[in-house]
Amino acid sequence: MHTQRRLGDWLFHICNYGFFTLFTLLCLFPFYYLFINTISSNDLSARGLVTLYPKMIHFDNYIQVLQLKGLAQAALVSGGRTIIGTLLTVAASAFLGYLFTKHKMWARSFWYRFVIITMYFNAGIIPWYIIMMKLNMTNNFWAYILPAVVSPFYVILVKTFVESIPDVLEESAEMDGAGYIVIFSKIIMPLITPIAATIAIFSAVSQWNSFIDTVFLMTNSKLFTLQFVLYKYLNESTSLAAIIRNSQGAVGNIDLTNKQTATSIRTTVSMIVILPILFVYPFFQRYFVKGIMIGAVKG
Amino acid sequence: MKAAIRPQSSMSRRSGSLIPDKFRLFLFASPFLVLILLFSYFPLYGWLYSFYNYRPGFPLSETPFVGLQWFKAIFSNPTQTQEVMRVMRNTLAMSTLGILTSVFPVIFAIMLTEIRTTWYKKTVQVLTTLPNFISWVLVYSIAFMMFSVDSGVVNKWMIALGFQEMGINYLAQDDHTWLAMTLWGLWKGLGWGAIMYIAAISSIDQEQYDAAKVDGAGRFRMIWHITVPGLMPTYFVLLLLSIANFINNGMEQFFVFQNAINKDHIEVLDLYVYNTGMLGFNFSFATAISMLKSIISIVLLFFANQLSKIVRGESII
Amino acid sequence: MKQGETAVAVLWWRGAFQSEKYKPIYRCKTYKCLYFKKREATALKSLRKTFSLLLATTMLIVSTAACTSGTNNGAGSTASTAPSAGGATETAGSSEQEEITLDVFSMLSNFSGEQTGWFAKVIKDKFNINLNIIASNLEGGGDVKFATMMAAGNLGDLVIFGDDGQKYLDSIKAGMLVDWTKDGLLDSKGQNILKYAPKAIEKNKANFGGGSSVYGIGFDVGDDKPGPSEAKDLTYNPNLRWDLYEKLGRPEINTMEDYLPVLKQMQELEPTSESGRPTYAFSMWADWDGNMMVLTKAWAGIHGFDEGDGFNPGGFSLVSADKDEYQGVLDEDGYYMRGLKLYFDANQMGLVDPDSMTQKFEDVVNKMKDGQLLFTFFPWLDDTYNTAEHMAEGKGFALVPFKEERTFSYGYDPYGGNRVWAIGSKTKHPDRVLELIDWLYSPEGNMISSNGPEGLGWELKDGKPVLTAFGEQALPANDTAVPEEFGGGTWKDGMSQLNNSTFKTTNINPDNGEPYDYNLWKSTLEKSPTKLDQDWRAAMGGALTAKEYLEKNNQLAIMRPLFTGTPPSVISDELEQKRGQVAQVIKQFSWKMIFAKNEAEFNKLRQEMLDKAKGLGYDEVLAWNVEQNKKVFGYRKQ
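So the protein sequences, as listed, match chains A, B and C. Residue numbers for the first sequence follow full-length UniProt numbering, so the first one is 1 and each next one is one higher. Residue numbers for the second sequence follow full-length UniProt numbering, so the first one is 1 and each next one is one higher. Residue numbers for the third sequence follow full-length UniProt numbering, so the first one is 1 and each next one is one higher.
In case anyone wonders, no lab produced these hints; they're calculated from the structure. Heads up, some of the hints might be wrong.
[Unchecked claim] Under 8 Å between C-beta atoms, here's a sample of chain B residues computed to sit facing chain A:
#, residue
1, PHE32
2, ILE115
3, LEU179
4, LEU183
5, THR287
[What the hints assert, rightly or not] Once the Cα atoms are required to be at most 20 Å apart in a straight line, the calculated SDA-like pairs of lysine to any residue come out as:
#, chain 1, residue 1, chain 2, residue 2
6, C, LYS360, B, LYS22
7, C, LYS205, C, GLY175
8, B, LYS122, A, ALA72
9, A, LYS222, A, ALA72
10, B, LYS22, A, GLU163
Where is the CB? At the ideal position from N, CA and C, for every residue including glycine.
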């Protein structure tokens with residue numbers, strides 16, 4: 001019986017490793033493919049001749065992209081909104097999620113639902129824009145931060161998580177006379193680090209990746225984000241198609257077709273935008289160590 | 001910030017604050033509720049547009065009131081109704097598949113935590129989130145590169161291996177559109193979706209496993225009796241939320257993959273609304289649709305919550 | 001694990017909390033606990049460290065951002081945008097007029113952000129103006145961006161409309177545009193406009209300004225003369241790989257269907273491209289399709305029919321350029337349906353790229369470069385294959401006309417086309433915006449916007465313009481580096497991103513007696529022709545360009561200018577919605593029909609398309625289109 005289990009274990013591991021290796025390669029390949037195309041001869045890559053390994057390596061695309069005007073400023077704005085936004089979002093969502101676990105709160109379930117259902121609200125872009133304008137959120141850096149501070153989804157995650165922690169912990173603290181804020185910061189916060197880290201990753205990535213707010217709210221190029229720059233590049237061919245469609249197929253739009261940015265440049269920009277994200281996740285990974293928290297709590 | 005607040009709150013606690021607990025809790029929450037009110041509830045006034053023939057730039061008072069005209073327009077004639085039914089069928093199929101495949105990130109997370117080699121585990125964790133960051137436009141260009149008739153590697157290999165005689169345009173097939181789209185979505189979102197469950201697993205008490213091990217429980221027993229129950233709350237919450245999102249598939253993925261052949265099965269509600277140009281300049285109609293969608297979502301949310309109350313005995317929202 | 005054991009484990013686990021109060025949590029007794037506590041402490045410490053690090057970084061970023069925004073304004077030419085939602089903002093400038101940044105809201109641009117390079121320098125030097133372009137199509141889709149700006153009541157300083165339809169009319173009605181006749185603005189600042197485009201102003205007054213006000217001016221204002229207004233080529237040309245066609249002995253082509261056997265022979269002659277991929281006659285793309293397939297509509301184009309009548313926006317009618325005739329897109333014997341059948345037959349012969357349905361325009365451009373195509377409709381697409389090397393070898397695309405050809409052509413229109421230049425009513429500087437527009441409507445302004453500043457791309461020799469060495473390299477849109485004194489950057493990036501023209505490029509520039517388009521300068525035409533040009537010209541009886549050949553042989557259908565005195569009628573929302581849905585059906589089935597397996601399936605799909613389109617209201621929309629077209633036929637006679 002013992003040997004049987006060992007054999008089973010062995011098989012399990014082989015399958016497990018096999019699957020993950022395969023899937024990881026599947027995930028890595030497109031990224032790799034895009035990358036080798038950015039460093040291969042642009043002519044070859046345009047003809048689709050670069051598929052498995054780079055050919056005629058050069059870094060002109062990167063040099064050209066890094067010289068783009070306003071790129072440094074855009075990186076600053078993107079970095080700023082990501083860091084400030086993430087800090088505030090994590091703190092606010094964690095705190096609010098915790099508060100919503102308190103049955104004592106006045107009209108708790110009403111307010112909880114009040115927050116949750118906004119996830120499904122869609123009033124359309126115009127009313128949203130008008131409200132943002134009235135709130136002085138156009139050409140204003142805080143337009144990136146404030147609307148994202150309370151995210152219903154994260155609040156739900158925290159609430160669910162906190163509820164899975166035994167109440168006794170808090171009750172004992174309360175008996176000791178600790179206030180909500182003390183309990184939250186001293187007891188809850190350390191316990192929910194895994195979910196806080198998750199929220200931090202989600203929030204950081206969504207801050208880093210969002211561009212729709214820039215599209216509609218910002219006309220000042222100082223407030224443009226990296227992702228917006230990328231979006232404009234990626235959107236060029238769709239936009240060209242739209243211009244042509246709107247003009248009833250007046251395909252004489254020669255200027256436009258000539259002025260399209262080369263595919264290689266566009267791919268390079270997206271590489272440059274993706275790379276920083278890759279460093280965020282490993283950074284938070286340490287909070288996912290199995291079994292750390294409860295074990296520590298138990299005396 | 002923390003330091004500034006602490007003495008105050010602990011003091012009020014000790015001296016028996018004047019504000020009862022229930023209102024104090026509400027008070028703590030209120031700044032956030034105000035933000036929600038400002039950024040999420042205020043724009044809802046725009047729902048009024050759906051009852052008017054609204055044109056941007058003109059105040060509502062100068063705009064003709066049309067009542068429910070735009071809501072009726074969705075089912076204006078039999079062919080149109082047929083189209084809407086077709087689109088709804090796709091929407092429901094795609095959402096159902098999405099919900100069915102929502103267990104994969106759970107399995108992914110569980111299996112990944114079973115891996116003991118730390119560096120390998122971490123590498124897999126990071127690399128499998130990569131597809132999530134590549135926009136659908138680029139995903140399609142990669143897909144086209146792989147599956148195109150003349151230059152696609154897939155066709156090259158299939159011909160070389162003798163499975164087919166000549167090139168097939170795999171992207172212009174309509175046999176398994178729903179499945180194919182689900183698989184693309186899964187590929188893009190699996191690693192990313194697993195993050196949440198990996199976090200949840202990491203909060204399960206290690207002692208439980210140790211105790212189980214002492215009892216001689218095998219790997220699968222531990223997974224089934226400790227890990228899975230530990231993940232259930234998170235899974236059910238997410239499931240509930242995705243049920244409420246039943247009619248919101250988004251459109252980017254379907255937009256880039258659509259073509260004349262697969263259109264009958266790929267056109268979900270969001271894409272259809274975009275394709276027909278309904279959103280173009282007709283904001284009243286667009287508002288009517290998004291209002292309907294919001295309402296359906298919220299109804300679904302409460303319906304699913306009720307269901308969870310009956311089945312699991314607990315309410316999620 | 002057995003049930004009982006689990007229960008015990010859980011109880012023990014819970015007990016661990018129940019037996020102890022808050023404080024003892026941190027009081028460790030066991031070795032194991034100490035271990036975990038240490039780990040927790042480390043984790044917390046690192047968390048705190050992380051947070052403080054993040055905070056510090058944030059502070060740094062915020063302060064740097066503040067600094068850069070502080071310094072940039074003073075730095076001058078490079079990045080001195082300081083616009084607000086309100087549009088132009090002033091900063092101290094060096095020349096007489098204060099430096100301002102104008103928000104240009106353009107529905108035609110495919111670039112957004114600040115105009116850079118040589119064009120920016122010209123505008124800056126001349127007017128002390130920076131252009132901040134907001135491209136509605138690039139940013140969130142054209143109509144949505146436009147709608148938010150309308151809702152906000154501010155369209156920016158300079159506004160460029162893609163057409164003079166509903167959006168333009170709404171903007172006027174909602175008071176979003178400046179009336180140029182107010183305070184004598186046009187008279188004081190619009191001297192060039194009044195001199196060189198008086199009829200365009202007259203049209204705008206009559207059509208959109210109730211006979212007195214002027215809210216904008218149309219593009220492509222032509223000289224007052226007959227004949228085609230195109231440069232070398234027409235919008236739609238049937239272009240074949242000339243070298244292959246010649247090798248076949250230039251077989252005669254009478255009808256459009258006659259191209260197929262010729263193309264088949266060409267494919268047999270050159271079965272693979274430069275990189276070894278198969279060649280096709282037709283490689284198409286779907287992402288430009290609007291109301292119908294663009295590449296099928298092109299067959300109507302070379303018979304003198306096109307969507308839209310030059311006044312109303314297009315729909316489901318194809319209208320003749322010069323006769324009072326129209327066809328419904330789905331007419332049994334119409335050119336559109338004939339085009340579908342032609343493509344179907346071509347596909348049966350292996351002449352259609354099987355990737356056509358799934359590829360995008362960019363992919364076709366790449367295939368074109370590689371030499372995978374044998375036929376195109378668009379002269380500008382030819383240019384991707386007609387490189388200097390190819391043309392020197394005699395390889396390349398050129399017009400191969402057919403007997404029945406009557407290609408659609410636009411005549412000179414002194415009233416101007418339907419893309420409009422206008423001024424936003426919230427601008428603080430209507431006078432300076434008009435000054436800029438006025439300069440663009442001057443011979444000097446038009447010459448510079450199309451060919452660059454004098455001395456860079458071109459120069460005058462004996463009073464006639466010739467390309468400089470730089471110009472030969474850079475024009476029309478190449479990545480050639482521009483000298484620093486002209487603004488630096490590359491030629492292509494520095495081109496005007498406004499994407500709207502003022503005069504027809506074939507107009508004669510009164511300053512030097514040559515057209516604005518450098519391709520038509522005597523000096524350019526006399527340049528030693530490439531082998532391809534020589535071969536083609538020899539075969540075409542000495543005609544220098546495609547236009548010249550077609551004009552000589554009376555194979556053009558030229559649309560004459562119209563003066564209507566009213567704006568185009570606006571389609572009702574209900575019909576517009578139907579149009580959108582029917583267009584979906586037409587496009588989808590067109591593609592399906594082309595790739596049908598056999599004739600029976602082709603016919604079945606055609607019937608299905610007709611049923612579905614009619615069920616969704618095709619006839620209604622077509623009737624509305626035709627009603628508008630007929631009004632135009634009436635105006636044509638006036």
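Hints and how they fare:
Here the hint on PHE32 of chain B is kept, as its CB sits about 5 Å from the closest CB of chain A, short of 8 Å. The beta carbon of ILE115 of chain B comes within 6 Å of a beta carbon in chain A, closer than 8 Å, and the hint placing it at the interface holds. Annotation: LEU179 of chain B was flagged as interfacial toward chain A, and the flag is violated, the nearest CB pair being 17 Å apart, outside 8 Å. Taken as an interface hint, LEU183 of chain B does not check out: its beta carbon lies about 11 Å from the nearest beta carbon of chain A, beyond 8 Å.
Evaluation of the THR287 of chain B hint against chain A yields a held restraint, the C-beta minimum of about 5 Å falling below 8 Å. For the proposed pair LYS360 of chain C and LYS22 of chain B, the alpha carbon gap of about 60 Å is over 20 Å, so the pair is violated. Restraint check for LYS205 of chain C and GLY175 of chain C: the C-alpha separation of about 16 Å stays at or below 20 Å, so the hint holds. Proposed proximity of LYS122 of chain B and ALA72 of chain A is contradicted: the alpha carbons are some 31 Å apart, above 20 Å.
Proposed proximity of LYS222 of chain A and ALA72 of chain A is supported: the alpha carbons are some 10 Å apart, at most 20 Å. For the hint pairing LYS22 of chain B with GLU163 of chain A, the CA-to-CA distance comes to about 18 Å; that is within 20 Å, so the pair holds.
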